[in-house]
Amino acid sequence: MATTTSTAKPAISAARRSGPAAWLQAGPLGLVFLLFFILPLVLILAVSFWDASEYELIPAFTPKNYVAIFDGCSNARDLCVTLKTYYSTLKFCFLAWLFTLLIGFTVAYFLAFHVKTAGMQTVLFLLCTIPFWTSNVIRMISWVPLLGRNGLINDMLIGVGLVSQPQEWLLFSSFSVVLAFIHLFTIFMIVPIFNSMMRIDRALLEAALDAGATPWQTLWNVIVPLSRTGIIIGSIFVITIVMGDFVTIGVMGGQQIASVGKIIQVQTSYLQFPLAAANAVILLAVVLMIIWALTRLVDIRKEL
Amino acid sequence: MRENRSFGFYALASFFALFLLFLYGPTITIFVLSFQGPEGGLTFPMRGASLHWFQKLMEGIGVVDIGSAFVRSLKLGLVVTGLTVALSVSAALAFRKALRGGNVLFYVVVASLIMPSIIVSLGVGLSFRLLDTALKTLFAAIGWDSMSESFNTTMGLYTSALGAQLTWTLPFGLLVMFAVFNRFNSAYEEAALDLGATPWQSFRHVVFPLIAPSVVGVGMFGFTLSWDEIARSSQAIGDLNTLPLELQGLTTTVTTPVIYALGTLTTVISFIVVGVTIGVMALSRRRARGKSTT
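Chains B and H are the protein sequences, given in the same order. Our numbering numbers the first residue of the first sequence as 1 and each following residue consecutively. Our numbering numbers the first residue of the second sequence as 1 and each following residue consecutively.
In isolation and in its complexed conformation, chain B is listed as follows:
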């Protein structure tokens, strides 16, 4: 039995013959995810139905945490805190997604199709990725001397005479939050889209050209559909990060702007675990729905 499979698939057999049992090799990694990922998620779900006193968690099965979160949300005219927060987080999410996609796609397109030598491609690609390996908080703070009250941008605007007073909306505002999202997370679009684009058979582009397509038509009808996987993966990355974000919104919003992630963080630091857990369950449900919708979007387009 073993010999027949090994002659059919020689590549696998080499690996198969070597070393200890597969489960033994994958076990340690699996154990880390079991203990620090699966188990915590199960506990979050359980605790979201628990009760709590000031000092301790009380195992129970009560929907009161969820009821508290949606308290007053049936009033259609005046949005409750939860819905307002989700609305504002989704708005950030949409803006960050739109800009990272447009910029990331353009950069990836330039790298994949307009840089001719592989060496240059590697160098420019590395230049894009290096900041990803440095501290996000530092990269956020680094906007202060540019966007601040006495920052370079304000100095310039006043110098040119466009405005007479320093602009306050540049820093610690929704604007600076979105700017930081773009600054930090465009890389998550560039890498998967670039990867998809590098797999596109160059002959297809020549075929499109020969068939009389304009560059724009080639871009829209050949490159964009074939980069679909990369676009979806990048979108999932950016959307899930922004939906749960509390660090960027905290630092760049001057700790004044609410987000779903921030609510969970604050409740956790006040040890209100059941409430935080219920909020986490809802956030997870919303994120899963967005991912599901994104993947559906692709399938539908493929079927048309």
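Keep in mind that the hints are not guaranteed to be accurate.
[Said to hold, decoys possible] Derived CB-CB ranges, DEER-like:
hint: 1; chain 1: B; residue 1: E54; chain 2: H; residue 2: L21; range: 44 to 54 Å
hint: 2; chain 1: H; residue 1: I114; chain 2: B; residue 2: W216; range: 30 to 40 Å
hint: 3; chain 1: H; residue 1: P38; chain 2: B; residue 2: D71; range: 21 to 31 Å
hint: 4; chain 1: H; residue 1: Y158; chain 2: B; residue 2: T129; range: 46 to 56 Å
hint: 5; chain 1: H; residue 1: T154; chain 2: B; residue 2: V224; range: 14 to 24 Å
hint: 6; chain 1: B; residue 1: L35; chain 2: H; residue 2: N152; range: 50 to 60 Å
hint: 7; chain 1: B; residue 1: P215; chain 2: H; residue 2: P209; range: 42 to 52 Å
hint: 8; chain 1: H; residue 1: F7; chain 2: B; residue 2: G119; range: 23 to 33 Å
hint: 9; chain 1: B; residue 1: W220; chain 2: H; residue 2: G62; range: 52 to 62 Å
Since the hints were derived computationally from the structure, they do not count as laboratory data. A virtual CB, placed ideally from N, CA and C, is assigned to each residue, including glycine.
Based on the hints, put chain H in the right spot on chain B.
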């Protein structure tokens, strides 16, 4: 054809240049401002140039002991690096064989990568608090009084924070190793085994040297991601903060260029790690090429 795309090329190249400026400009700004004179503030102009703020940094910022946070982050980063490399390489080897439940494990790893970090952090923090409660109850129940009094928490740098960070670094490590083994030519390994090498010998002398440059890359992911990690460790850190967590707290309170000096310092460390990694990878690739041609 060249005529045809030259305008598009220059437009895109300019866009790319602007993007790089956007990417690096702010970091360069705080790099320059960290050498601000003693009288200088958070913004331009520079009032002289000095190492004043680096000196201030060494003395500590307020109650925050930057030195110990630095050492803690460094140690944790090294542990995370070691575990990320060992576990991802070993698991990637397992995925090359018939691994029962491999699909499920793969989806779990991907899910961990895209899971909002605050949820993971809350979950890990919560798990350890429940564990603490359980242990305290246990100690009290078996009458182990000295233990139940001295026991504080199981949360800490090398328990909860380490675990939380691994859920973030391991997916990157495993995916990099997948990409490596997808392009891996197992003919060499096959040859070694046919010549009677033991599985360990073939790994040690054939497979590992071939994948070594990528393993260095996995190590770099492990270290740099841990070195800057905030979101996942934030609720699972215990009593002593890592450097980035201290830094995050300082953003609201510090109003002198000392924070830029700290930024320059941590960025330089990240750059060194990335630079050394890229250097080692380029060098070993060149050496491999040199060997194969001679």
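Hint check, failures only: As far as the earlier hints go, 3, 4, 5, 6 are violated by this structure, in ascending order.
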